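Q: Heads up: the sequence lines are chains A and B, in that order. Mapping of the first sequence onto numbering that gives the first Met the number 0: residues 0 to 490, in sequence order. Mapping of the second sequence onto numbering that gives the first Met the number 0: residues 0 to 490, in sequence order.
No lab work stands behind these hints: they were computed from the structure. Being a predicted model, the structure only gives us computed values, none of them experimental. Check before you lean on any hint, since a few could be wrong.
All copies of an identical chain are treated as equivalent in the list; a pair is satisfied when it fits inside any one copy or across any two copies.
Straight-line Cα separation of at most 20 Å, EDC-like style, residue types lysine to aspartate or glutamate; simulated pairs [what the hints assert, rightly or not]:
1) K127 - D116
2) K127 - E145
3) K449 - E472
4) K272 - E299
5) K443 - E141
6) K185 - E212
7) K127 - E146
8) K132 - D116
9) K487 - E141
10) K132 - E448
11) K260 - E231
12) K260 - E297
13) K127 - E400
14) K103 - D116
Protein chains: 2
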Amino acid sequence: MSCSYCWTKLLASLMGPTSCAHWETLPPQLVRPMSTKLLSRVSAFVEGIGIGSGVKISVATHTIPISGESSTLNPSLDGNQTDSALDAEALIQHRRQFSSLAGKRYFNYGGQGPMADSAIAALSDGQKTIQMKGPFSAEVYEWITEEGRLVRDAIASTLGVTAETITLTENVTVGCNIPMWGLPWKAGDHILMGDCEHPGIIAAVRELCRRYEVTVSTCPLSDLLQGGDPVEIIQQGLRAETRLVVISHILWNTGQVLPIKELAALCHDHSSKTRLLVDAAQSVGSLPLDQTGWRLSETEVDFYAFTGHKWLGGPAGLGGLYTRPAVFEETVPTYIGWRGVEVDGTGEPTGWESTGRKYEVATSDYSLWGSLREAIAVQDSWGDSQARYNRICSLSRKLWEGLREMLHVRCVLQDAPPPSGLVSFQLLDADGTPDFEQHGALAKQLEGEKIYVRTLLSPNCVRACVHYLTTAEEIDDLIIRIQTVAEKFGG
Amino acid sequence: MSCSYCWTKLLASLMGPTSCAHWETLPPQLVRPMSTKLLSRVSAFVEGIGIGSGVKISVATHTIPISGESSTLNPSLDGNQTDSALDAEALIQHRRQFSSLAGKRYFNYGGQGPMADSAIAALSDGQKTIQMKGPFSAEVYEWITEEGRLVRDAIASTLGVTAETITLTENVTVGCNIPMWGLPWKAGDHILMGDCEHPGIIAAVRELCRRYEVTVSTCPLSDLLQGGDPVEIIQQGLRAETRLVVISHILWNTGQVLPIKELAALCHDHSSKTRLLVDAAQSVGSLPLDQTGWRLSETEVDFYAFTGHKWLGGPAGLGGLYTRPAVFEETVPTYIGWRGVEVDGTGEPTGWESTGRKYEVATSDYSLWGSLREAIAVQDSWGDSQARYNRICSLSRKLWEGLREMLHVRCVLQDAPPPSGLVSFQLLDADGTPDFEQHGALAKQLEGEKIYVRTLLSPNCVRACVHYLTTAEEIDDLIIRIQTVAEKFGG
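Chain A extracted, bound-state conformation (with noise of 0.2 Å):
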């Protein structure tokens, strides 16, 4: 039996010293049904193999929570996952920072998340400060370095890691192509990954095996959605020659999120060469990554890719790379200009900068990362991360509720409701067969109703995401829209 949000073996702990962090850090709502499921199973494993009560037993009772408990004001629904009135109240009032939220219902944050009015103005502010300080002079380039400083410490703060270990990049695919580049390749080597990545990584993977003759195997990840545990596929999948794993931390299309701690850990016992990537499109400002348990700097996370567009709120052209210290050197830049290079007193490069700007390359919207700050302000201005990802995963306990009591839909996730955002579904005919092409014609129309979301390839399904800032009645809304739909079709 394991956490079903790292996948820790359970029983496993209760006999050594350790135990998944998750349990004391899990949303209450997520935790209690499946732990008063456990603790019986638990006390009976106990019972059966004489440890006495007070071993770890506690692990089971420390993770049944007291109802509404929250690190922050007012951040969690209650058990029918709807808002008190005062916690919707709160909400109305955050929202209001939010204009592009007025009017629509929006399920689309695992697409781009919303800007907050602030963030939208720090981008004009930002350029204007370029503009009337130069735009090209000594007092701007001041600027652009602290504004540098200031967006890598406040993204690092959000990871849980140090400043210098962060690069930026124009997005979360510039991250991932920086290790996959940049490590030294040999003839032979071979590449991991699982069967749920986005096509440009795949893309981009397979264009790496072409020209340094790697090969690359994909590990059946969508083998979770049948109970599969995620360190026993990819454990199977590794090789003598396997170099670089690459997963994400969310899965884009079920909304699973993979214990990256334990599979580092897996990837760096199986041999010293081999890297962990991480592709952390969904992660980054849904996971609360700077808490106990999830912090990346916890996890021996080789790279980390991210986007600052989607959960964080943040304008898009900006994302990132996390690198571990540890691989730091062996990992060399591939496109190259002047913000990675170090140069002499005649201008000649002489060698790279010896923090995460190594892997950056020329002038950038620099604008932006006034913007992302701001971005990121404005959210842990509601809650802290755990208290956002609580609430995230209240709603789409609830979405995932609503939508699995229909007839004509099926939940992509069946047994249990994602411990993410994002919940994908299928829309069935009369028969209960999926019909795909319902599920543009049902993106469509909604769009056309200001209530968005997305279809996704594979599997081909609706994806609908909820993040902090939806309301329990957007939720309402969605499932009554999808319910006339789904009838309407299925019926």
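Dock chain B against the given chain A, drawing on the hints supplied.
A: Just chain B now, with coordinates in the frame of chain A:
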């Protein structure tokens, strides 16, 4: 003897059916004194070899222009390089669109150009459109697609090429890195680069050489300062194994213009495998690349990497790459993402995009696209590219002549003014020796007075750039300030 602008051998052209197109399009102010000199030499030559005066003397006579003639309203200065009252007023009116130019005297166009207020507003408008229509929705996707089409059209029109040859990048350096990493390298291949390239490009080439066992050598383009011929210099650097030649269209340190059409022909005649990559950081937005004789499509250049944020006055964070159709297939993407990849109905990558989008990666700040388009429109509203270039050359001549008269200043170009807006110079001490420490002091002192110039390390100098937006009065002010500082230092 060569044309000072494209280095076409004039005497050779006298013998054949073609001549150098620049002689018909160069700014009158620049051509006049030289063509007079040329005329006498050519006449003597023609007399010497017995060719009738009718054959090609027309090349010289054609280039003696009518004073002040230009292709649009008031684009050029009079013989003393001062604006007429009417011209000055028109320019002041035009400059009112650039709030950032108010209260300062700006000469760092080669670092970053000022943005028109409407181009800054286009950024906000773009962000708001995305946020209001989505941010992630089918409607936004359509809007982004159309914005991409429009900005590629605008760029292509500026370069005199077709839109499908254009790749949008974050900056000029990424544009250079795409072909550098995308050519099918073989161990033993050779790269020839000029000795005036940007440190970031030098570092990229070195890393490329290390990885693919490719060799690099530099050719002394700095000899152009002593009257060297760039075609000869590069010809001497070519080897049987030369796969790529990397040069700049305008040398960022001296302001000299390289004859890229002739150099492309040289490369292609040398070997069917030799490609020419041009760093166009300083040329796009300053040279009239949409005019006959300059048009990129006429040059056969293989790769031309540029940015919008310097001479075009666009936003930082958006540049591009032109790829000649004949070399498009052999040049593969390196950093790869969804924007460059085609997928099938299951989301499986099936190949590359068939246009320049092949080399684009993933999510960008799409609001930059409309902003650059607006920046280009503002420039076009003042006069066509030929008129703007005429004015740039008139002004750089004015500045160069002013500097040349100073006892304690030495222009980096000593024999003729730069055929571009980049004017570099050194401060001399009492013994007539350049004192490099003084350059930083001058730039700092001037910035304190809101006069913006920059220092360069190789050659160690100060660079002041003039744009068509520059006023004659700004140059007068700059000359006076440099004179004062130089005398204080040199005296």
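Q: Evaluate each hint against the coordinates.
A: Outcome of the hint check:
{"no.": "1", "hint": "K127 - D116", "verdict": "both (17 Å within a copy, 9 Å between copies)"}
{"no.": "2", "hint": "K127 - E145", "verdict": "within (16 Å within a copy, 27 Å between copies)"}
{"no.": "3", "hint": "K449 - E472", "verdict": "within (15 Å within a copy, 55 Å between copies)"}
{"no.": "4", "hint": "K272 - E299", "verdict": "within (14 Å within a copy, 45 Å between copies)"}
{"no.": "5", "hint": "K443 - E141", "verdict": "between (47 Å within a copy, 13 Å between copies)"}
{"no.": "6", "hint": "K185 - E212", "verdict": "both (8 Å within a copy, 14 Å between copies)"}
{"no.": "7", "hint": "K127 - E146", "verdict": "within (14 Å within a copy, 23 Å between copies)"}
{"no.": "8", "hint": "K132 - D116", "verdict": "between (24 Å within a copy, 15 Å between copies)"}
{"no.": "9", "hint": "K487 - E141", "verdict": "neither (61 Å within a copy, 29 Å between copies)"}
{"no.": "10", "hint": "K132 - E448", "verdict": "between (45 Å within a copy, 12 Å between copies)"}
{"no.": "11", "hint": "K260 - E231", "verdict": "within (14 Å within a copy, 60 Å between copies)"}
{"no.": "12", "hint": "K260 - E297", "verdict": "within (7 Å within a copy, 56 Å between copies)"}
{"no.": "13", "hint": "K127 - E400", "verdict": "neither (48 Å within a copy, 34 Å between copies)"}
{"no.": "14", "hint": "K103 - D116", "verdict": "within (16 Å within a copy, 31 Å between copies)"}
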